[in-house]
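> Line order of the protein sequences matches chains A and B. Counting from 1, one number per residue, gives the positions in the first sequence under the working numbering. Counting from 250, one number per residue, gives the positions in the second sequence under the working numbering.
Note that these hints are calculated values from the structure, not bench results. Take these hints with a grain of salt, some might be off.
[To be verified] Restricting the straight-line Cα-Cα distance to at most 25 angstroms, the calculated cross-link-like pairs of lysine-lysine (DSS-like) are:
| # | chain 1 | residue 1 | chain 2 | residue 2 |
| --- | --- | --- | --- | --- |
| 1 | B | Lys-393 | B | Lys-462 |
| 2 | A | Lys-120 | A | Lys-32 |
| 3 | A | Lys-120 | A | Lys-102 |
| 4 | A | Lys-110 | B | Lys-425 |
| 5 | A | Lys-110 | B | Lys-393 |
| 6 | B | Lys-461 | A | Lys-102 |
| 7 | A | Lys-102 | B | Lys-364 |
| 8 | B | Lys-393 | B | Lys-312 |
| 9 | B | Lys-425 | B | Lys-407 |
| 10 | A | Lys-110 | B | Lys-430 |
| 11 | A | Lys-32 | A | Lys-102 |
| 12 | A | Lys-120 | B | Lys-462 |
| 13 | B | Lys-407 | B | Lys-430 |
| 14 | B | Lys-378 | B | Lys-393 |
| 15 | B | Lys-378 | B | Lys-364 |
| 16 | A | Lys-84 | B | Lys-462 |
| 17 | A | Lys-120 | A | Lys-84 |
| 18 | B | Lys-393 | A | Lys-102 |
| 19 | B | Lys-425 | A | Lys-102 |
| 20 | A | Lys-110 | B | Lys-378 |
| 21 | A | Lys-21 | A | Lys-32 |
| 22 | B | Lys-364 | B | Lys-462 |
| 23 | A | Lys-122 | A | Lys-84 |
| 24 | A | Lys-110 | A | Lys-120 |
| 25 | B | Lys-364 | B | Lys-393 |
| 26 | B | Lys-364 | B | Lys-407 |
| 27 | B | Lys-462 | A | Lys-102 |
| 28 | B | Lys-393 | B | Lys-407 |
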Amino acid sequence: MTDNSCILRIENLCKSFGNTKVLCGISFTVNKGETKAFIGPSGTGKSTLLRCINQITVPDSGSVFLDGEEVTRSGTRINYFRQKMGMVFQNFNLFDHLTVQKNVEIALLKVRGMTPAEAKEKALFELRRVGLEDKADCYPAELSGGQAQRVSIARALAMDPDVMLFDEPTSALDPELTREVLEVIRMLARQGMTMLIVTHEMRFALSVANEVIFMENGTIAERGTPGDILNNPGYDRMKKFIGKIEEYR
Amino acid sequence: MDQVSFLTQVIAPAFASGLVMTLALIAVAAPFGFLLGCAVSVGRAYGSAPVRLLSRGFVIFFKGCPLLLLLFILYFGMPSVGVTLSPFVAAVIGFICCNAAYNSEYIRGAIHAIKDGQMTAAEALGMSKWQAVRWIILPQALRKAFPGITNEFIYLIKYSSLAYMITIIELTGAAKIIATKYFEYNETFLCVGIVYLALVTITTVAAHLIEKKYAVPVGQSAAGATA
Numbered sequence: 001m002t003d004n005s006c007i008l009r010i011e012n013l014c015k016s017f018g019n020t021k022v023l024c025g026i027s028f029t030v031n032k033g034e035t036k037a038f039i040g041p042s043g044t045g046k047s048t049l050l051r052c053i054n055q056i057t058v059p060d061s062g063s064v065f066l067d068g069e070e071v072t073r074s075g076t077r078i079n080y081f082r083q084k085m086g087m088v089f090q091n092f093n094l095f096d097h098l099t100v101q102k103n104v105e106i107a108l109l110k111v112r113g114m115t116p117a118e119a120k121e122k123a124l125f126e127l128r129r130v131g132l133e134d135k136a137d138c139y140p141a142e143l144s145g146g147q148a149q150r151v152s153i154a155r156a157l158a159m160d161p162d163v164m165l166f167d168e169p170t171s172a173l174d175p176e177l178t179r180e181v182l183e184v185i186r187m188l189a190r191q192g193m194t195m196l197i198v199t200h201e202m203r204f205a206l207s208v209a210n211e212v213i214f215m216e217n218g219t220i221a222e223r224g225t226p227g228d229i230l231n232n233p234g235y236d237r238m239k240k241f242i243g244k245i246e247e248y249r
Numbered sequence: 250m251d252q253v254s255f256l257t258q259v260i261a262p263a264f265a266s267g268l269v270m271t272l273a274l275i276a277v278a279a280p281f282g283f284l285l286g287c288a289v290s291v292g293r294a295y296g297s298a299p300v301r302l303l304s305r306g307f308v309i310f311f312k313g314c315p316l317l318l319l320l321f322i323l324y325f326g327m328p329s330v331g332v333t334l335s336p337f338v339a340a341v342i343g344f345i346c347c348n349a350a351y352n353s354e355y356i357r358g359a360i361h362a363i364k365d366g367q368m369t370a371a372e373a374l375g376m377s378k379w380q381a382v383r384w385i386i387l388p389q390a391l392r393k394a395f396p397g398i399t400n401e402f403i404y405l406i407k408y409s410s411l412a413y414m415i416t417i418i419e420l421t422g423a424a425k426i427i428a429t430k431y432f433e434y435n436e437t438f439l440c441v442g443i444v445y446l447a448l449v450t451i452t453t454v455a456a457h458l459i460e461k462k463y464a465v466p467v468g469q470s471a472a473g474a475t476a
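Bound-form chain A, shown alone (with noise of 0.2 angstroms):
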C-alpha cells in the first residue's frame, strides 16, 4: 500500500497514570481500508492506546494524526475529528434512556445538525446494516448483549466515520453474542472500513486483521500478518502469549 494512502499515523504517544506508565512510545501507521488487531495481556495499555486515539484520554505526550490533520492539541475541532473516527465500547454504553433508532440519531441531529427525516432515514439505514431493523423502537435494556453491541456499531457507523475503533467489543458477551458482533465486523472489513480492534478472539483477530500487534507493557512488542505469524519462526511472545489463551478453549 502507497504511502497517500495513510489514514492514521501514531508517533511515539505516552501516557502514565500516577506512577504507572500504561503506554511508553507507541507509533504506527494505518492504511486505508486497513483492519489491526491489537493483542496482549491486560493492563498493557491495549484500551488505553485507542481512548489516546480519540483523546477520550489525553495522551501526556506524542501525536495523532487523521488524515494528515493533527488530531492531538486540536482543541475544540476534537469534536470534529471524534466524529470521524467511531468508537465501539467493551459496555456498549448505548444511552439507556434512547430508544434504539433514537440512540443512532441523537448525534446526527445535535452534532451533524441534520433534520429528523435525514437522521432517522440513516438511523434506519445503519441499522439494516447491523440486521436490526426490527429492535428500532426498543430500549437498550430489552436487547441482548449481542443486539446492543451491533447497535453501538451502528451508531458509530452513522456519523460515516473514517476509522472505526473497538475496545474489546465482544469481552462482555458469551460465545454465541460474540459470533453475531464478529460477523458484523468482519462485514464491515468486506466492505473495506478502517478499524482498529482491541480483542482477546485470536482466532478472530487472525482471520480478519492484516496485521497483529501483540503489546506488552505498554510498548508494541512484536507485529507481524496474520500469515507472518501462522507460517513463519519467530514471535515467540506472541505464539506463546496466543498458545496461554488457545489452551482452554
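Given the coordinates of chain A, assemble chain B onto it according to the supplied hints.
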C-alpha cells in the same frame, strides 16, 4: 352565624383569594427553582474549579440559612443596602434559592449515579461536554432525581405559607386573619389543612403520572453488562 354560612360566606371567598396567591407563588418559584437546581448541580458536577466552588457555596448557604430568616433578610434587610423588593418578589426569590439548593443535591446525586460510559460514548460521537450533559446526562439524571424533586415541590407548597410572615396574604395568612377575627380556630385551620392536603395529593398523583409517562425500561442484559 351558623357553620354552613361561615364556610360559604367567610372561609370560601377568603380562601379563594389566598389560594390564588399560594398558587402564584408556587407557579413562579417551582420552575425557576427547578432550572436553577439543574444549573447548580451541573455546575458542581462538570464546572471549572471556580464554578464548582460557587455552586457549592450556593448550596451550603441556602441549605444552611433558615427560610424564614432568608425571607426577613430579603424583605426587611435589603432596603438598608438600597434594594427594596416587593413582598411577592422577596418571597419568590427566597423560595427559588431554597428550592434550587435542595433540588441541586438530588440531581447531583443522580448525575453521579450515571455510568461514566454514557458521557464517554457521547463525547466519542463528537458531542461537546455541554451537548452531552443536555441530551444524555440530564435526561437520565432527572428521571432518577424525579421522586426527590417531587418531594421538594411538596415542601414548597407547604413552606409557601412562610410568605405570610412578610405580609403576603396567601392561604395560611387568609386563614389566620379569619380565625382571629371570628375566633374560629378549629374550623378555619381544619379547612386550610384540607386545602393543603388536596394540593399535595394532586401533586402526588400528577407526579406519578409524569414518572410513568417518562419511564424507561431498565436493568437486565445490556444495562447490566460488566463494569
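> Between Lys-364(B) and Lys-393(B), does the CA-CA distance stay at or below 25 angstroms?
13 angstroms, holds
> CA of Lys-364(B) to CA of Lys-462(B), is that 25 angstroms or under?
23 angstroms, holds
> Would the hint linking Lys-425(B) and Lys-102(A) be met if the CA-CA limit is 25 angstroms?
54 angstroms, violated
> Do the alpha carbons of Lys-21(A) and Lys-32(A) lie within 25 angstroms of each other, as the hint requires?
30 angstroms, violated
> Lys-110(A) and Lys-120(A) were given as a pair; does the straight-line alpha-carbon distance stay at or below 25 angstroms?
Given that 25 angstroms is the threshold and the Cα spacing comes to 13 angstroms, the pair holds.
> Is Lys-393(B) within 25 angstroms of Lys-102(A), Cα to Cα?
20 angstroms, holds
> Run the distance test for Lys-120(A) versus Lys-84(A): straight-line Cα separation, threshold 25 angstroms.
20 angstroms, holds
> Take a quick look at whether Lys-393(B) and Lys-407(B) sit within 25 angstroms of each other, Cα to Cα.
24 angstroms, holds
> Quickly compare the C-alpha distance for Lys-378(B) and Lys-393(B) to 25 angstroms and report which way the hint goes.
20 angstroms, holds
> Given the hinted pair Lys-407(B) and Lys-430(B), is their alpha-carbon gap at most 25 angstroms?
23 angstroms, holds
> Does Lys-364(B) sit within 25 angstroms of Lys-102(A), going by the straight-line distance between their CA atoms?
Distance ~19 angstroms between Lys-102(A) and Lys-364(B) Cα, so the pair holds.
> Has the given pair, Lys-120(A) with Lys-102(A), been kept, meaning a C-alpha gap of at most 25 angstroms?
8 angstroms, holds
The structure does not agree with the numbered hints 2, 4, 10, 11, 16, 19, 21, 26 stated previously, though it agrees with the rest.
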